[in-house]
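**Q** As you go down the protein sequences, you meet chains G and W in turn.
All residue numbers in the first sequence are consecutive under this note's numbering, ending with 371.
All residue numbers in the second sequence are consecutive under this note's numbering, ending with 158.
Honestly, the hints are just simulated from the structure, not real lab data.
Treat the hints with care, as some may be off.
Restraint-style ranges between C-beta atoms, simulated for each label pair [unchecked claim]:
1) G:E166 with W:G51: 17 to 27 Å
2) G:H346 with W:K143: 58 to 68 Å
3) G:L366 with W:A154: 43 to 53 Å
The structure displayed is predicted, hence computed values, not measured ones.
Backbone N, C-alpha and C fix where the C-beta goes; we use that ideal spot for every residue, glycine too.
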Amino acid sequence: MTELDTDELRRELAPPWSDLREQRVLTGLRKRMEASGPKEAPPQRTSRRPVALSAALVAAGLAALWWVYPRVTIDPHRLRLSAAAVAMVDETANVVVLERDENLVVLAQQGGQVRYEVDPSRGETVVVRASGVEIRVLGTIFSVADDRWVEVSVERGRVLVDQGGERAILTSGERARFAPVERSLPELDREESLASPPGLEAEDGLRDPLPSQETSPTPSNRRARHHTPIEAPPVSASTLQKPEASPTEALPRIDAFQSLVDEAERLRMDGDLDGAADRYAQALRKQSNQEAHSFVLFSLGVVEEARHNFAAAARRFRAARNNEGTNFVEEALAAEARNWAKAERHEEALAASKLYRELYPNGAYLDALPF
Amino acid sequence: MSRAREGNRVAFEQLYRRHARRIAGLVYRLLASDNELDELVQETFLAAYEGLDRLREPERFGSWLRSIAVHNVRQKIARRRRWRNVLERLTVPTTVEPGLGEAAQSLAQLPPELRMPFVLHKLDGYTVEETASLCRISKATAKRRCAEASKRLARRMS
Chain G
1 MTELDTDELR RELAPPWSDL REQRVLTGLR KRMEASGPKE APPQRTSRRP
51 VALSAALVAA GLAALWWVYP RVTIDPHRLR LSAAAVAMVD ETANVVVLER
101 DENLVVLAQQ GGQVRYEVDP SRGETVVVRA SGVEIRVLGT IFSVADDRWV
151 EVSVERGRVL VDQGGERAIL TSGERARFAP VERSLPELDR EESLASPPGL
201 EAEDGLRDPL PSQETSPTPS NRRARHHTPI EAPPVSASTL QKPEASPTEA
251 LPRIDAFQSL VDEAERLRMD GDLDGAADRY AQALRKQSNQ EAHSFVLFSL
301 GVVEEARHNF AAAARRFRAA RNNEGTNFVE EALAAEARNW AKAERHEEAL
351 AASKLYRELY PNGAYLDALP F
Chain W
1 MSRAREGNRV AFEQLYRRHA RRIAGLVYRL LASDNELDEL VQETFLAAYE
51 GLDRLREPER FGSWLRSIAV HNVRQKIARR RRWRNVLERL TVPTTVEPGL
101 GEAAQSLAQL PPELRMPFVL HKLDGYTVEE TASLCRISKA TAKRRCAEAS
151 KRLARRMS
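Kindly generate the complete structure, drawing on both the sequences and the hints.
**A** This is the structure in structure tokens:
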């Protein structure tokens with residue numbers, strides 16, 4: 001008789017549970033909690049102590065800000081690339097934004113050395129490409145040195161490195177070198193040129209970016225234009241001749257939609273909300289089925305709410321309800337209103353609440369609306 | 001947790017968000033059924049809400065909640081039995097729900113006496129002692145039932 005594989009069995013017995021179902025059960029639970037009697041503490045029990053504590057925390061925060069803020073210097077080499085990513089760029093590096101949307105920033109680095117700091121709590125995926133090597137950031141601090149060979153060093157967190165489909169995950173303290181792949185540099189002369197430190201938006205938005213300028217060939221990109229690849233597979237001509245194609249289209253998809261969603265669920269179970277948000281965001285980019293898309297948007301909204309990114313959560317819920325094929329507009333709209341209110345975006349909260357009342361005059365979430 | 005213990009519903013809802021998925025998984029495996037999953041998850045949290053002020057060790061909320069879930073499932077199975085012809089249903093496969101995967105169907109066909117200790121010990125990581133305590137059986141019986149369940153499942157799934 002064959003041995004029973006309990007790990008396999010456990011995987012197969014994942015419950016048919018979803019955020020939507022969770023929300024619906026919660027709605028019923030709320031009603032039953034109310035019916036079970038007023039368990040809410042009397043007002044005096046929410047004593048002044050928490051208020052005093054909050055005030056003390058705010059004061060401490062302000063003191064910390066005062067302590068830190070005057071020491072913030074505007075460093076022309078320190079560049080904010082997106083809400084989540086900051087880069088320290090050396091004199092010889094060029095960084096170009098190839099693609100940017102709400103949750104994804106794709107950068108191309110040519111030459112030099114750049115230290116990237118990516119805040120995982122923003123739920124943004126940052127991808128750096130250097131000489132044919134793609135580094136997908138999973139929330140971390142790492143450096144990329146593009147000097148004939150591409151060297152990736154991870155100070156903290158994890159990155160996924162992909163070179164022509166060969167992938168490796170590097171974690172804290174690890175370093176790897178990759179042979180470069182010859183690439184043309186047309187991208188460097190177009191779009192948002194972040195050519196070397198001048199012209200970049202300085203961190204904290206304290207200095208306006210300089211007017212857009214052409215990338216002048218630095219020693220490193222001159223080298224890049226003429227260097228011969230070493231031990232590297234050539235990039236196909238078709239890739240090079242399609243500068244208008246989305247940069248992500250030319251690269252292999254890292255994971256299937258379902259495995260990303262599964263991983264997100266597993267990470268949530270482990271309490272890793274940042275990791276879960278990252279996987280959901282990746283899954284969103286891989287799924288064209290509207291219904292599945294809506295479910296992932298809803299789940300991402302729930303995760304963002306749990307991470308206290310209330311405005312991001314509200315946007316996710318709104319996107320979920322606006323998606324074609326969504327059959328849970330009511331839940332998503334109520335969740336959107338709640339999160340706008342938590343984010344203190346009162347106008348949006350009011351608008352979402354109003355829309356909810358119009359659409360669902362007898363809705364299940366009327367009592368939970370902020371307005 | 002402290003705010004939830006004081007009766008703050010919003011704080012309790014956060015606890016729900018954190019634990020609902022795990023409770024749903026446990027209940028689903030114990031029942032091997034999707035039919036009453038929502039109801040049991042809800043009842044588990046309602047019982048927790050009503051009994052939270054009696055929880056002596058708040059840091060053990062998760063395991064306390066799971067023990068409530070196990071208790072509720074046992075009650076549910078007991079109630080089912082009262083409605084059915086008891087002896088037949090103990091060994092004869094229950095009606096298989098459409099839509100359940102092969103693993104869940106195999107699990108559903110085990111009698112609850114075997115399924116519950118197997119799920120708790122082999123799938124959800126409870127020790128033999130904890131499993132025995134939750135199922136209200138001796139440790140030796142818990143071990144024996146786990147072994148028997150494993151054997152039957154392996155036969156069905158091979």
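**Q** Decide, hint by hint, whether the structure agrees.
**A** Structure-based check of each hint:
Taking the beta carbon of each, E166 (chain G) and G51 (chain W) are about 55 Å apart, not inside 17 to 27 Å as hinted. A hinted range of 58 to 68 Å for the beta carbons of H346 (chain G) and K143 (chain W) is consistent with their spacing of about 60 Å. At about 51 Å, the beta-carbon gap between L366 (chain G) and A154 (chain W) stays in the expected band of 43 to 53 Å.
Consistency note: the structure conflicts with earlier hint 1 alone.
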